[in-house]
Amino acid sequence: MDTMWNEIDQYMQHWIREAGERIRDTFQTKLTIETKSNPSDLVTNVDREIEQFFIERIRETFPTHHILGEEGFGDELRALDGIVWIIDPIDGTMNFIHQQRNFAISVGVFADGVGMLGYIYDVVHDELYYAHKGKGAFMNDTPLPKLKETTISEAVISLNATWVTENKRIDPSVLAPLVKRVRGTRSYGSAALEMAYVASGKLDAYITMRLSPWDFAAGLVIVHEVGGIVTNLYGEPLNLLEKSSVFVSKPRLHQEILTEYIMKER
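Numbered according to my numbering, the sequence shown terminates at residue 278, and the numbering increases by one at each position without gaps.
For each label pair, taking beta carbons as the anchor points, the in silico distance ranges come out as:
(1) P184 - N57: 29 to 39 Å
(2) R71 - G125: 16 to 26 Å
(3) G84 - N251: 15 to 25 Å
(4) K255 - P75: 28 to 38 Å
(5) T154 - G84: 29 to 39 Å
(6) K160 - T41: 37 to 47 Å
(7) H77 - A188: 35 to 45 Å
(8) T41 - E161: 45 to 55 Å
(9) Y23 - G84: 16 to 26 Å
(10) M106 - E30: 19 to 29 Å
(11) R222 - Y23: 26 to 36 Å
(12) A188 - L89: 29 to 39 Å
(13) E161 - H77: 35 to 45 Å
Rather than coming from a laboratory, the hints here were simulated on the basis of the structure. For every residue, glycine included, the Cβ atom is placed at its ideal position computed from N, Cα and C.
Construct the complete structure from the given sequences, taking the supplied hints into account.
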């Protein structure tokens with residue numbers, strides 16, 4: 013079985029860098045931009061082309077595997093039986109369009125619902141965060157150390173300002189006191205990168221109210237491999253077939269934020 017996962021990893025390391033090169037090559041071209049559910053929910057021709065690039069190679073090389081992709085070119089899945097690839101061709105499409113940075117390719121590979129491989133590729137900085145279950149996590153060829161504990165007052169957390177202003181998903185008064193207490197807050201606009209930053213110690217926690225499986229699948233594998241915790245906002249396991257709130261953090265910090273700010277407001 014290890015041989016199979018090593019084979020998948022070798023293919024994926026090659027494919028994801030090739031996909032990144034294809035994306036970089038588009039920087040000088042005119043994008044076709046469309047909206048999906050709302051004016052801020054954007055998709056480009058590049059998102060679609062990169063997803064199709066991965067699907068063609070997976071189907072050709074691993075024809076029995078299943079694929080769940082953001083742009084809908086994969087399979088319709090109601091269960092995670094067998095080997096499932098969960099793909100976000102460009103996580104942070106708005107950043108890709110407006111900034112040409114702060115976006116990533118995100119791919120998680122699962123076996124009967126268990127995360128086995130995770131890849132988050134920061135295309136612009138050529139930084140590939142990846143993990144193989146039980147074998148550690150890396151940024152390019154550098155091993156990522158296990159996460160060290162920190163306190164709320166010393167923490168830098170990633171949190172979009174939407175969640176501490178009037179919105180449809182959470183009372184802004186729940187997280188506002190946390191924002192006042194932590195050392196600092198950041199928001200990068202790419203869930204995959206924010207999870208990679210927690211895994212690599214650049215951030216201490218990341219909280220958001222609504223993500224799809226392709227946004228968090230790869231990060232789930234990588235964060236777990238360095239001892240971090242990934243749950244929904246209330247500390248419950250994530251469902252890889254549903255949208256969910258997501259709370260990623262160092263271990264002790266996760267429990268402290270849950271206890272002191274979230275659960276008492278539930």
